[in-house]
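Novice: In case you want the letters, here they are:
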Amino acid sequence: MSVQLEHDYIGLSSEAASSMEGSERKTGGLNLNLKATELRLGLPGSESPERDNGVGVLKSLLVVSRAKRGFSDAIDGGSGKWGLSGNGGSDTELCKGGNLFSPRGVNGGGKGGGSECNNQNTGLGGPVLKDGVVPQSPKPLQEKKSQLSAPAAKAQVVGWPPIRSFRKNSMASHSPKSDDDAEGKSGSGCLYVKVSMDGAPYLRKVDLKTYGSYMDLSSALEKMFSCFTIGQCSSQGVPSRDGLNESRLMDLLHGSEYVLTYEDKDGDWMLVGDVPWEMFTESCKRLRIMKSSEAIGLAPRAMEKCKNRN
Amino acid sequence: MQQKKMMLGNSFPEEVLEHVFSFIICDKDRNSISTVCKSWYEIERWSRKKVFVGNCYAVSPRMLIQRFPEVRSVELKGKPHFADFNLVPEGWGGYVAPWIAAMATAYPWLEEIRLKRMVVTDDSLELISRSFKNFKVLVLSSCEGFSTEGLAAIASNCRNLRELDLRESEVEELSGNWLSHFPDNYTSLVSLNIACLVSEVSFSALERLVGRCPNLRTLRLNRPVPLDRLANLLSRAPRLVELGTGAYTSDLRPDVFSNLSGAFSGCKELKGLSGFWDVAPGYLSAVYPICSRLTTLNLSYATLIPSSDLIKLVSQCQNLQKLWVLDYIEDMGLEALAASCKDLRELRVFPSDPYGVEPNVSLTEQGLVSVSEGCPKLQSVLYFCRQMTNDALRTIARNRPNMTRFRLCIIEPRKPDYLTLQPLDVGFGAIVEHCKDLRRLSLSGLLTDRVFDYIGSYAKKLEMLSVAFAGDSDLGLHHVLSGCENLRKLEIRDCPFSDKALLANAEKLETMRSLWMSSCSVSFGACKQLGQKMPRLNVEVIDERGPPDSRPESCPVEKLYIYRTVAGPRVDMPGFVWTMDGDSALSPDWSGSKVGKGIQRIKSSIATHFTLG
Chain A
1 MSVQLEHDYI GLSSEAASSM EGSERKTGGL NLNLKATELR LGLPGSESPE
51 RDNGVGVLKS LLVVSRAKRG FSDAIDGGSG KWGLSGNGGS DTELCKGGNL
101 FSPRGVNGGG KGGGSECNNQ NTGLGGPVLK DGVVPQSPKP LQEKKSQLSA
151 PAAKAQVVGW PPIRSFRKNS MASHSPKSDD DAEGKSGSGC LYVKVSMDGA
201 PYLRKVDLKT YGSYMDLSSA LEKMFSCFTI GQCSSQGVPS RDGLNESRLM
251 DLLHGSEYVL TYEDKDGDWM LVGDVPWEMF TESCKRLRIM KSSEAIGLAP
301 RAMEKCKNRN
Chain B
311 MQQKKMMLGN SFPEEVLEHV FSFIICDKDR NSISTVCKSW YEIERWSRKK
361 VFVGNCYAVS PRMLIQRFPE VRSVELKGKP HFADFNLVPE GWGGYVAPWI
411 AAMATAYPWL EEIRLKRMVV TDDSLELISR SFKNFKVLVL SSCEGFSTEG
461 LAAIASNCRN LRELDLRESE VEELSGNWLS HFPDNYTSLV SLNIACLVSE
511 VSFSALERLV GRCPNLRTLR LNRPVPLDRL ANLLSRAPRL VELGTGAYTS
561 DLRPDVFSNL SGAFSGCKEL KGLSGFWDVA PGYLSAVYPI CSRLTTLNLS
611 YATLIPSSDL IKLVSQCQNL QKLWVLDYIE DMGLEALAAS CKDLRELRVF
661 PSDPYGVEPN VSLTEQGLVS VSEGCPKLQS VLYFCRQMTN DALRTIARNR
711 PNMTRFRLCI IEPRKPDYLT LQPLDVGFGA IVEHCKDLRR LSLSGLLTDR
761 VFDYIGSYAK KLEMLSVAFA GDSDLGLHHV LSGCENLRKL EIRDCPFSDK
811 ALLANAEKLE TMRSLWMSSC SVSFGACKQL GQKMPRLNVE VIDERGPPDS
861 RPESCPVEKL YIYRTVAGPR VDMPGFVWTM DGDSALSPDW SGSKVGKGIQ
911 RIKSSIATHF TLG
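The listed protein sequences derive, respectively, from chains A and B.
Here this note's numbering is used: the first sequence runs in plain steps of one and ends on residue 310.
Here this note's numbering is used: the second sequence runs in plain steps of one and ends on residue 923.
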């Protein structure tokens, strides 16, 4: 049985057989229904509606679970569910709702009628399509080169290029002799800080450079540490999959059980959210998700320091 | 006739066999010996002095100790390689504590411990320092979890220590005084590598230590050691073979320069240099007098040296075998390298501006082609660049059929041949076709399933393959798993590989050390199936979105780490790792009931702020 391979790039079907002679030997009796597993790449405007090169570029590179309504309220708004200070605001347009544990496709959509879970790497194809997608046909498809220009700020993929942390950190603390970009972002790579949470058995690490705002950071942290809070839930009995988890976590958050704090360059512990995002990333040395009860003594000092700064 | 009978192996007395075996050091060979017959197995296991465990979860400490009771040297590796690039979440595992605890009682004569990518605590370091009276070598490569307190314990108690190497580990630096814990009558240091320490260590303690250790051959300093103290330090260690400098200051002072120049020349056996953080070009010439002796040069942190100075330097290093450098060397510098350094075996070119959108230096595929043409012994390459062509790869392959390690990183994912816009399949195909002894390969650029077909067909000696943003379908993965007979480690990220190839090649996985797949399309259901089908594999699903059974079975898992093991599923998994075992996903239990005391202590020392929940 021969293996049919179709790669549907940009609506073309390529001459699959010619470039795959070798493979037929290999697969032999192995009937891989490859169409079912193929990754479809296509330029925006072609058949891949889930691709969106716009706003979602940064988020598309993280495995995203949408922040819940109440939580997003906290980030954008004034009341400190995570202890963020700031003015009261409206609900964020990025709040998509939905269960924390059923991840949507990277841009909130999904394949029409498909399963809940999208192929995770669809989003990663986004930023790099500017070079054009090249199918297996030998003819170069220059005419199909992307009409888009490259994204202005290149969103960073985790762990790429593959450079060890030690090297990254060594280089980061010394500015390279090349000129900086207009955005001032080149050469700064990454900024890993440790995140601890009261009651959790181990630390996590986050790269502050992959987030553009407090909101991004908070939703990532929530996703990262929710397995601890959910762990607390399940010890109390068998929760039903969707309902109990959601409401229990909401309880924890709305109950203002935790605040998000950070240690700055001077060694002081501050509430996250006081200062503009860029200033925060420059001065943050580590993060701590603290129980609110412990943070009470924190606030006055933080306020004072804020006053001194301004 | 009678003579022939006497030739049989089992008529040799044990002592003779043991003596013969003592000449066989390579693990692979010793493993082979042990399978010949029962008595050879026994003799071998009692005489094995050195053990390498490539995956600390493949076997348990107890098993190791039971089989090899007389071990003097242990090497363990923990986390998967991609942990280096932050793809393995913190807390995944790799704890050395249970090993140290077991060996402390079982191997009182242990002399050497080498660890890579493991979590090491101060408690463990202290236990090491007190348990092994003849302890000589401690190498902690890319480890974490310990502080300078642990180092102080090693310094205080290990009277026979020869080697302390912290390469690229993450150390919590509470104080710089740990060096002073080496007693005044301690003189046996041969090798010290503290280059990873960010804070100052007590310089006077360092000076005194160096001064009283006549056998010191390797000294790798950390960044804060100032330039003007370096000459003094070197004068106390005239027999140094390898030196890693600290940081340089940018203003060129003539007295410092001449002292340094003299000091370098005074080290008559100096063959290897590294460090050079922030070296100003002017100081680099202090090295010129000794260039012709150098066999190893690591300038990959020397961010201030432009191409012209690099060219001047490498042109004088005719005996250079290993060069690590930044891409400031550019194509021109690599041409000079190719012209001057005919003994070059290994080249690594790192990016000075990896996150910049536009290239900041003139380093292209041409540089690598030049070196492949000019350096007949070149066998190991790590090359970061921004463009590549199939032609260049073909040329490199034809020039260097003796290549054994080839790692190419084209910085932008999925970038095609920039001249033809074709995928780089045929280029890499040429590499595997011509370089018949290739053991390690890392791919990048635009690649289809075709490149994997080539790899499966030709790369018969390949042991480690790293793949990112490549391939079109399961066929790609299938080619590799079914074709690469010697494959031991396969690590994959962001490729459209899913269930079919994995399940079809399940048995293959038992012949390998490990398989890592992240941001691919392997479903939870397939993971469960694999776990059920292959009881001697640990199929670990790493997923920070929560329990995989809270999502549909067809949902792809975030990360997957599969490794063969005779120790069964591990018990120290964090909340985001599940081992697939038949129908159920074994979940970790943090209530503490399953977790041993040693691990509890690890948790508390890592999580210094916490109260355990």
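It is possible that part of the hints are untrue.
[Claimed, not checked] Chain B residues, not near chain A, derived (Cβ > 10 Å throughout):
#: 1; residue: V330
#: 2; residue: N396
#: 3; residue: L397
#: 4; residue: G401
#: 5; residue: E480
#: 6; residue: R533
#: 7; residue: S610
#: 8; residue: T613
#: 9; residue: S662
#: 10; residue: P723
#: 11; residue: K771
#: 12; residue: S776
#: 13; residue: R803
#: 14; residue: R855
#: 15; residue: V881
[Stated by the list, open to error] So, partial list: chain B residues that the calculated Cβ filter (under 10 Å) puts toward chain A:
#: 16; residue: C347
#: 17; residue: K348
#: 18; residue: E352
#: 19; residue: R477
#: 20; residue: S479
#: 21; residue: I721
#: 22; residue: G856
#: 23; residue: G885
Hint data in this document are derived by calculation from the structure and do not stem from the laboratory.
Virtual Cβ for every residue (Gly too), placed ideally from N, Cα, C.
Novice: State the violated hints by number, sorted upward, taking the hints as numbered earlier in the document.
Specialist: 2, 3, 4, 5, 6, 7, 8, 9, 10, 12, 13, 14, 16, 17 and 18
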